[in-house]
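So the protein sequences, as listed, match chains A and B.
My numbering applies: residue 1 is where the first sequence begins, and numbers increase by one.
My numbering applies: residue 66 is where the second sequence begins, and numbers increase by one.
Going by beta-carbon spacing under 10 Å, a handful of chain B positions derived as facing chain A: (1) Ala145; (2) Met151; (3) Pro159; (4) Gly285; (5) Asp289; (6) Phe311; (7) Thr312; (8) Ala315; (9) Leu319; (10) Leu351.
Simulated from the structure, these hints should not be mistaken for lab results.
Beta carbons: idealized from backbone N, C-alpha and C, even for Gly.
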Amino acid sequence: MRTLSRWLPIILLLPCIALLWVPFYNRIEPQIGGFPFFYVWLVGWTVITAALTWLVWRVQKRARS
Amino acid sequence: MSGIRFDGVTVGVFVFFFALVTVLGFVASRWRRGDLSQLSEWGLGGRRFGGFVTWFLLGGDLYTAYTLVAVPALVYAVGAYGFFAMPYVILVYPFVFMTMPRLWNVCRKHGWVTSADFVAGRFGSRGLALAVAVTGILATMPYIALQLVGLDVVFKAMGFGTLGIGRETPLIIAFVVLAVYTYSSGLRAPALIAFVKDAMLYIAVIAAIIIIPMQLGGYGAVFDAARDAFAAKGGATGLVLKPEQFTAFATLALGSAFALFLYPQATTATLSAKSAETIRRNAIWLPAYSIMLLLVSLLGYMAIAANIHVSDNSMVAPALINVSFPPWFAGFCFAAFALGALVPAAIMAIGAANLFTRNIWRPYVNRDMSDASESRMAKNISLLVKFGALAAVLFLPTKFAIDLQLLGGIWVLQIFPAVICGLFTRWLRPGPLLLGWAVGMVVGTTQPVLHGLAPVYTFTAGGSHIGIYTGLLALAINLVVAALATLVAAAMGRGTQVDRTRPADYEDAVE
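Hey, can you work out the whole structure from these sequences and the hints?
Structure (structure tokens):
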């Protein structure tokens, strides 16, 4: 558990890669609900990043107690 | 359509909400009453704010009137490039999650109020702490001035410019109100008002993103209109980025994410939380604000679809509100925007005042200050800071404040090695850190000044152009200089200064 909580924060680098490597999402298609993919990706990663942060928080909290 | 309109109902609703909030500001000094003659009470609200208040305080910090005005304006003008604010605000919260709880813990343990306090204790160097404090104040001043610019835009949209009284009068009234309640209530005032401001802002934004696209034929139609407009306009615009914009977009986002929590107002809001755990939870829940920023940015596209034409792009969002909503609701939205100027300006002025008092006046001018006179000094400085910003907006061209704010972002990044790296290691030594800071400041100031105050430095290699955010570039040079100088100092066998912190100080206290 200790080792896991120590290394888990590495998953927080995923949003950095996903958002800073622009070619991943610099496209119009596929569109969802009228939104070009570029904007869908940004919204999606807002939610995913919050979820990843939550996951790290849960694991660290358990490791602390 | 120009979207500038004078309407009695709009102004009436605006004044009503503004007055309501002013009353709240004065009530704030009684809220969770503390001994306001202590700096940590006046300037940090007694470090007692729970998750809910901290959420509004940090969110209120970020979504300033200037953001609400400038982001739609940039999106309106260039399209996708203006959305660099999105990766920026998405990445900032994992960063906060990893760093700010450590800062909170160590500052709580030692009774520190500012990031410069931490640097002084960690590195045993008053010079480095002074550099951190001066940088923070320099970066904040133009930021406060820009809040006034945001306020000014709202007044213009309400048609005050068409009346005889001129734009100065309402600005002065708004700022005197702000100055007086911050003086008397400290951080409690913006904290309490932030609730009202953000509730209003959410209502305004949610109404805007539902009602305006309905008037324009749905989001598909909005994006289509924007795409056609950019196609006609040409150049580096469009619904997606041009390949030559990729690196500028990414480095602006990353650099801005690193910079945000180095600003004194963010430190102030962070340290006022009641526990490190409060900050962690906020890092998880603050992204709700990021979604709102995306929606606010989309106002730029809606303005294109609604055929808004303005002489000054910063009028885009207010003009769109004027043409899309009935007068009473426009007044409500403008009040939310105006409060979006006052809340952050108050927190910024408090943050700058804390820095000046704690890290400049106390160590260099009057070492034997009592706690009460320290608190009194900070109150007076917060007044001075605000009137300085007001004078800057009234007497200098707006572009001056905008350019300085751009430089401010670059400057504030230069304290990253001392403050953020310092939270994890003190391998970098204070002398080398100071040297790195100085080099970073010089590079980060001269490059933009020599290149027409553009925030992006362009490398040309083999016919292709790569743009990098100057702040990040200066930070990289800063870090390299600090690391090399540290190696030299270590090789020369120089001793290090005393570290007043222990590793356990950075971890959550065991309850």
